[in-house]
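Undergrad: Now for the letters of each chain:
There are 4 protein chains.
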Amino acid sequence: MSEPSVFAVFSQFLAATAGRGVTRVAYLAVATGLAMLLVLTVDPAYEATHHWVDSLLWVCLAFFAMEWLIRLWRGFRAGRGWHYVASARGLVDAAAAVAVPLAMGFGVDPKSAWLFSVLWLLKIVPGIPGLRQLRRVIVLEARPLVSVLVLFVMVLFLASVAVYALERDGQPVAFGSLPATLWWAVVTLTTTGYGDVVPVTPLGRLVAGLVMISGLGVFGLWTGILATAFAAETRRDNFLRTWEAVSRVPFFASLGAAAIADVTQMLRMIELPTRTTIIRKGHHGDCMYFIASGEVEVELPGRKIRLGEGAFFGEMALLGNSLRSADITTTQLSRLLVLDLADFRMLMARHPDLAVTIDAEAKRRIAENN
Amino acid sequence: MSEPSVFAVFSQFLAATAGRGVTRVAYLAVATGLAMLLVLTVDPAYEATHHWVDSLLWVCLAFFAMEWLIRLWRGFRAGRGWHYVASARGLVDAAAAVAVPLAMGFGVDPKSAWLFSVLWLLKIVPGIPGLRQLRRVIVLEARPLVSVLVLFVMVLFLASVAVYALERDGQPVAFGSLPATLWWAVVTLTTTGYGDVVPVTPLGRLVAGLVMISGLGVFGLWTGILATAFAAETRRDNFLRTWEAVSRVPFFASLGAAAIADVTQMLRMIELPTRTTIIRKGHHGDCMYFIASGEVEVELPGRKIRLGEGAFFGEMALLGNSLRSADITTTQLSRLLVLDLADFRMLMARHPDLAVTIDAEAKRRIAENN
Amino acid sequence: MSEPSVFAVFSQFLAATAGRGVTRVAYLAVATGLAMLLVLTVDPAYEATHHWVDSLLWVCLAFFAMEWLIRLWRGFRAGRGWHYVASARGLVDAAAAVAVPLAMGFGVDPKSAWLFSVLWLLKIVPGIPGLRQLRRVIVLEARPLVSVLVLFVMVLFLASVAVYALERDGQPVAFGSLPATLWWAVVTLTTTGYGDVVPVTPLGRLVAGLVMISGLGVFGLWTGILATAFAAETRRDNFLRTWEAVSRVPFFASLGAAAIADVTQMLRMIELPTRTTIIRKGHHGDCMYFIASGEVEVELPGRKIRLGEGAFFGEMALLGNSLRSADITTTQLSRLLVLDLADFRMLMARHPDLAVTIDAEAKRRIAENN
Amino acid sequence: MSEPSVFAVFSQFLAATAGRGVTRVAYLAVATGLAMLLVLTVDPAYEATHHWVDSLLWVCLAFFAMEWLIRLWRGFRAGRGWHYVASARGLVDAAAAVAVPLAMGFGVDPKSAWLFSVLWLLKIVPGIPGLRQLRRVIVLEARPLVSVLVLFVMVLFLASVAVYALERDGQPVAFGSLPATLWWAVVTLTTTGYGDVVPVTPLGRLVAGLVMISGLGVFGLWTGILATAFAAETRRDNFLRTWEAVSRVPFFASLGAAAIADVTQMLRMIELPTRTTIIRKGHHGDCMYFIASGEVEVELPGRKIRLGEGAFFGEMALLGNSLRSADITTTQLSRLLVLDLADFRMLMARHPDLAVTIDAEAKRRIAENN
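Protein chains in written order, with the working numbering: chain A, 1 to 370; chain B, 1 to 370; chain C, 1 to 370; chain D, 1 to 370.
Just so you know, these hints were derived from the structure itself, not from any lab.
Be aware that a few hints might be false.
[Unchecked claim] Quick list of simulated restraints, FRET-style, between CB atoms: (1) Thr277(D) / Leu91(C): 17 to 23 Å; (2) Ala360(B) / Val9(A): 38 to 44 Å; (3) Ala62(B) / Gly170(A): 30 to 36 Å; (4) Gly170(A) / Val173(D): 28 to 34 Å; (5) Val173(D) / Trp58(C): 36 to 42 Å; (6) Gln332(C) / Gln332(B): 26 to 32 Å.
C-beta atoms are modelled at their ideal positions from N, C-alpha and C, and glycine is treated no differently.
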């Protein structure tokens with residue numbers, strides 16, 4: 001391999017930090033770039049610091065250009081170059097790398113050309129948590145959402161024509177043409193209400209009032225649709241994330257598939273980094289935990305016990321003694337399944353055999369600790 | 001049949017494109033008409049292009065007039081003429097055809113008369129997706145929605161009288177009469193807030209603050225009602241659309257009626273045009289598909305397999321191997337039933353016999369491909 | 001009985017129209033009163049019509065005073081007078097009757113005194129449909145709603161003090177005191193945004209931005225709470241209204257109590273006046289009906305059949321033939337239970353014996369009609 | 001114990017009123033402090049009353065300082081001093097006690113220093129009902145909420161750069177820098193719309209229109225997320241609060257755990273102070289009550305009966321006779337479980353043995369009363 005050395009180091013860095021997310025360096029570069037862009041447009045601040053601002057912007061640009069080139073090179077080496085070029089990510093990378101230089105090349109003055117660096121912001125899109133969930137909601141509810149949007153546009157046009165007819169004589173500048181009246185209508189229908197353009201005739205105001213109330217209606221429909229879709233999506237997402245973990249906990253292995261599906265809907269999965277205290281002695285507790293992966297350490301008086309994959313803890317809080325009796329801390333990155341008091345009771349009611357197991361274990365532990 | 005030839009051609013065109021939807025030509029005519037209407041009201045733009053604008057508007061009007069006349073003629077020939085005339089669609093068609101000429105006939109100047117062409121927009125209403133669903137929501141929840149509206153009006157009036165009494169001395173123009181104060185109240189209660197009329201006395205501002213908070217409350221109630229209704233309606237709509245398809249898939253035929261109702265709630269139906277790639281090799285998959293109608297083509301290495309009505313595919317992604325192993329494309333307009341990973345697991349838990357069938361088929365396919 | 005004659009007639013009228021609702025005459029009086037009040041405050045309009053306006057206002061006032069007096073008299077005669085006086089309704093009646101004369105008595109000029117007639121609006125409160133439902137929602141969710149309101153007030157005060165400290169030097173009039181700044185804060189937090197008072201310092205604008213975003217958050221919480229409560233309340237309300245009717249339909253009598261509870265959740269009750277056409281021949285149908293009370297008439301070719309309490313119709317639309325085969329009209333005020341296609345299928349799956357009964361009846365009817 | 005006497009009294013007061021809530025005296029001190037702060041900033045009002053205002057502010061400050069010192073002292077005596085100091089409550093107590101004196105110490109003029117007394121408001125946070133519920137909702141839905149916030153910021157920046165580029169030439173003051181344009185963007189995206197800064201170019205207005213519509217979308221997503229989470233949280237909260245009480249009512253003791261879980265979801269717990277009338281003779285009733293703790297008194301004609309823990313009443317309203325036949329009042333602080341008519345029917349359908357018990361008791365009571 002005959003890569004130049006900087007290129008090689010950077011390439012290795014990229015390979016090491018690849019995956020779905022966004023690297024920390026990229027977040028830093030985007031943040032720096034945006035901050036510099038803000039300073040750039042404030043004349044007194046820029047005059048005082050223009051060396052710094054310019055340098056940092058160029059460094060960020062160099063970083064993004066490098067990133068793009070290496071990804072291109074790696075893509076083509078892997079035979080998937082065009083695939084990368086045409087993908088959403090490839091397009092964003094390209095825009096981040098070439099938009100500013102291209103603008104400068106076409107003779108745009110530098111301060112304006114740098115405005116294109118706002119496109120760098122798009123690079124953090126893959127790192128937004130829950131974005132996939134949002135996208136699914138919007139895709140699944142596309143039909144009613146479009147329906148509401150069309151209604152929105154219809155109200156916009158009908159109201160604009162009515163108000164244009166009513167107000168153009170009195171306010172020839174503000175309502176002098178339909179496009180100008182559309183501006184008023186969109187400001188009103190979204191209930192933004194700048195107040196730069198306001199109807200003054202009684203009939204015009206009547207139409208405006210109806211437009212505002214329609215605005216509330218459109219908004220309500222919109223929200224109603226999204227709320228409904230979100231409820232379904234949240235349930236689905238949680239089920240998928242939890243299922244895998246549940247089926248790996250031996251405690252639930254004795255249950256049939258139907259019961260596992262049932263249990264999965266009651267559990268919530270959390271991921272905790274090393275050295276996180278999950279339970280604090282003397283605090284009030286209202287849930288128990290199953291260890292899906294990782295390990296925790298229980299600080300009993302005089303000694304420490306480690307619990308590994310498949311174990312559970314915190315069950316005493318659900319069996320009558322609501323004060324936690326020991327500190328419990330993760331020793332490594334761990335995934336835990338949380339069972340709330342409400343769901344615990346539901347679960348015990350439906351699967352009494354689980355109740356027996358948990359009860360026996362709790363008693364064994366109490367006996368052991370005394 | 002003794003129709004004139006243009007009429008005949010047009011009539012055949014209408015018959016061929018009839019149904020519930022809106023023809024593409026109608027969409028084009030509405031879009032063109034609205035665009036021309038916008039240009040018409042912008043003086044410099046209209047002066048430069050008035051020949052084009054006028055011609056296009058007349059063409060659109062002629063189209064809508066023709067459409068109306070033919071529908072009338074066909075309606076009366078079929079003995080349902082008056083029914084059509086009095087229907088919502090007939091009224092819209094009539095308004096689109098005669099409003100502008102009528103206005104001109106009554107001596108309105110042409111530029112103002114053309115404003116009635118905004119009514120053409122109503123012609124696309126039947127083509128809005130999901131409109132039926134929206135209407136059902138509004139009809140079913142009419143009682144609480146009206147209740148909120150009445151509360152809205154009551155707050156409006158009570159606040160107006162209070163602010164009128166408080167502000168009329170200080171601001172005799174803005175708050176000089178109750179109708180003028182109502183304008184302020186509606187602008188405030190919808191949280192639009194133009195700012196053209198603003199109370200200045202301390203008590204007036206207190207009332208205004210309460211009105212704004214009531215505005216949020218009204219809005220919240222409104223949205224809450226719509227969200228609730230939407231949730232129920234979406235479930236119902238999906239059930240109806242999916243049921244037919246499910247009962248036609250042989251794979252589910254062995255299930256009893258109760259189980260089919262159960263399965264229907266888990267499936268989502270999609271309709272795909274010809275030559276749409278459903279699954280792309282190497283992509284991550286989280287759902288499987290049943291073919292309700294149509295046909296798909298699987299691109300295996302070296303050969304192509306076609307799967308028809310009642311077949312399923314994509315099941316491997318749900319049985320452990322999440323990377324898709326082949327491209328799959330529709331060969332004709334197809335309706336597919338999508339089963340998500342979450343629902344797949346639920347289904348398998350409740351109907352283990354289905355799991356066996358899918359598993360066996362998956363193994364057969366793997367064996368065949370090797 | 002020695003009542004004066006007008007009083008007697010009025011009293012009989014009240015007795016005949018009593019109940020929970022509001023009489024039509026009261027609605028008319030309220031509407032007339034409000035319209036006159038609006039005219040009263042518009043000087044040119046009032047000058048032109050002051051005889052009419054004054055007379056009508058006095059007539060309305062006389063009506064409300066009479067209503068109050070008769071209710072008082074009837075109340076005390078029935079021994080529940082003080083109960084009526086202290087009830088919400090009694091207070092509203094008293095306010096409607098005496099507020100205006102009292103104000104005049106205290107020397108308020110007549111035009112201002114009439115402003116109190118806006119209180120007449122409160123008389124229609126008992127007639128608002130679904131108000132009881134709204135009230136239950138608000139009462140049941142009082143705790144989280146108050147919680148959000150307290151958060152609202154806290155943001156209001158904290159933001160006001162911050163912006164007051166930041167802006168008072170630059171804008172000593174608009175932000176010269178905390179109460180003045182609170183006005184700005186409430187206008188901003190409700191996202192009304194009049195624009196009469198706007199921060200101009202960079203820090204002040206930063207705080208303002210945070211306040212606006214908090215506004216969206218408060219609003220979102222508010223709506224979320226109300227939406228949740230509404231969903232529960234709507235289900236409960238529908239269950240109660242439908243249960244009575246269901247248990248009276250013989251068709252469901254064979255079901256056990258558990259199944260009736262199940263069925264009740266699927267049905268929706270509607271009330272139709274005399275001579276309403278429920279089903280129109282040739283239309284597309286997606287629901288069937290059970291007669292809870294009243295009677296309908298089926299217009300078969302050549303003869304008319306009447307179906308009474310407990311009968312069902314429209315079932316063919318759910319058994320495969322989606323076009324309605326006859327017009328069906330109510331002959332008297334009727335309460336019908338509507339069963340949607342989606343729920344019909346669910347019901348048939350869970351209670352196959354009902355399916356057999358409906359199927360048999362449908363076949364019998366088809367045989368009879370041929 | 002060698003505490004000074006005031007200190008001792010105060011300490012006992014604190015101990016007596018401790019717990020999770022906020023004492024009434026603290027509420028009073030916060031309210032007084034805030035009211036005085038408002039007066040302080042209004043020059044004419046302050047000049048007239050400055051002795052009172054200053055004195056009351058110092059009294060409040062003294063109260064909060066005392067409270068903090070005693071809590072510190074008690075904390076360290078109990079060996080948990082540093083724990084208190086670092087807790088949220090300890091920090092708020094410290095801020096309330098020292099912020100104002102500290103500001104004065106650093107030479108801030110007194111009127112400005114007193115502004116820090118707005119921090120006293122934070123002391124009532126633990127007393128907000130349902131705040132824990134709100135916090136859980138926000139924590140559980142943190143991922144999608146952050147996701148929406150990031151989208152919000154992205155739209156903000158992209159729109160700002162676009163509008164800055166389009167408007168800076170025409171409006172060099174309002175849109176002269178990116179930070180200034182961000183102000184416009186946040187005012188617009190939250191649909192606040194002050195109107196102090198408004199785009200005037202056609203393209204700028206187009207971007208502004210898109211920003212407003214995005215604002216509605218962001219808002220809708222936000223609300224949808226919160227509504228979904230609230231629904232789940234409300235169910236969970238109610239279940240937990242009711243479970244304990246249900247399992248202590250003998251009437252339900254015969255049920256298995258699964259049935260108790262079922263019943264718990266139907267009941268709603270309310271807490272009533274002494275001498276509250278629960279049922280009023282002659283009123284319409286639609287629910288029955290179980291006494292979880294406390295006692296009620298039934299006013300039968302001629303005598304009074306007392307019902308204690310585990311008893312139920314009001315069942316006749318659900319068994320056909322909807323008018324309440326006696327006044328029923330609490331004799332002490334009581335916790336009641338409310339069973340709605342709708343849920344009563346559901347319950348009776350699923351657990352017919354309960355129906356028999358309630359029916360028998362109702363008959364026994366009727367017999368006894370006659």
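Undergrad: Evaluate each hint against the coordinates.
TA: For each hint, the structure was consulted:
no. : hint                              : verdict
1   : Thr277(D) / Leu91(C): 17 to 23 Å  : 20 Å, holds
2   : Ala360(B) / Val9(A): 38 to 44 Å   : 52 Å, violated
3   : Ala62(B) / Gly170(A): 30 to 36 Å  : 35 Å, holds
4   : Gly170(A) / Val173(D): 28 to 34 Å : 29 Å, holds
5   : Val173(D) / Trp58(C): 36 to 42 Å  : 58 Å, violated
6   : Gln332(C) / Gln332(B): 26 to 32 Å : 54 Å, violated
Consistency with the previously given hints fails for numbers 2, 5, 6, ordered from lowest to highest.
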